[in-house]
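Enquirer: Kindly produce the complete structure, drawing on both the sequences and the hints.
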Amino acid sequence: MNELQKEEITKALHDCMEACNYCYDACLEEDDVKMMSACIRLDRECADICGYTEQAIARDSAFVDEFLKVCALICRACEDECRQHDHDHCQHCADMCKRCADICEEFTA
Numbered sequence: 001m002n003e004l005q006k007e008e009i010t011k012a013l014h015d016c017m018e019a020c021n022y023c024y025d026a027c028l029e030e031d032d033v034k035m036m037s038a039c040i041r042l043d044r045e046c047a048d049i050c051g052y053t054e055q056a057i058a059r060d061s062a063f064v065d066e067f068l069k070v071c072a073l074i075c076r077a078c079e080d081e082c083r084q085h086d087h088d089h090c091q092h093c094a095d096m097c098k099r100c101a102d103i104c105e106e107f108t109a
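Those letters in the sequence shown? Residues 1 to 109, per my numbering, in order.
Where hints are given, some of them may not hold.
Stated by the list, open to error - Derived pair list, reagent style EDC-like, types lysine to aspartate or glutamate, alpha-carbon separation capped at 16 Å: (1) Lys69 / Asp48; (2) Lys6 / Glu106; (3) Lys6 / Glu54; (4) Lys69 / Glu106; (5) Lys69 / Glu45; (6) Lys11 / Glu54; (7) Lys6 / Glu105; (8) Lys69 / Glu54; (9) Lys98 / Glu45; (10) Lys98 / Asp80; (11) Lys11 / Glu106; (12) Lys6 / Asp102.
Just so you know, the hints here were simulated from the structure itself, not pulled from any lab data. Note that this is a predicted model, so its numbers are computed, not measured.
Expert: Next comes the structure, spelled out in C-alpha cells:
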C-alpha cells in the first residue's frame, strides 16, 4: 500500500468512524431508543473497528489485510442496519459505511 492509498483508506476509515459515532449519539436521542438498539450496537462496533484499523495502518501492522476484511464485514452490517431507519443520521452513516466497506474491499481484493 503506497502513501496515497494509505491516505485514501485512512480518510474513509476516519469519516466512517465519525459518522458512526454521530449516529450512535443521535440514536440515543430518538424517542424509541429500544427500537434503535441494534443500530446503536453496530454503530459502536463499526466506529471501534474503523478506529482500530486506522491505527493499524498508521503503525504498519502485519495484520492490516485481516483488519480491512473484518472492517468491511462490520461496515456492511452497520450499513444494512442503518438503511432500515429513515433518520438522516442513519442514512448518512449508511452512506459512509458503504464507502468505507467498498474501499476496504478494494484494498484486499
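Enquirer: Of the hints stated earlier, which fail here?
Expert: No hint contradicted; all consistent.
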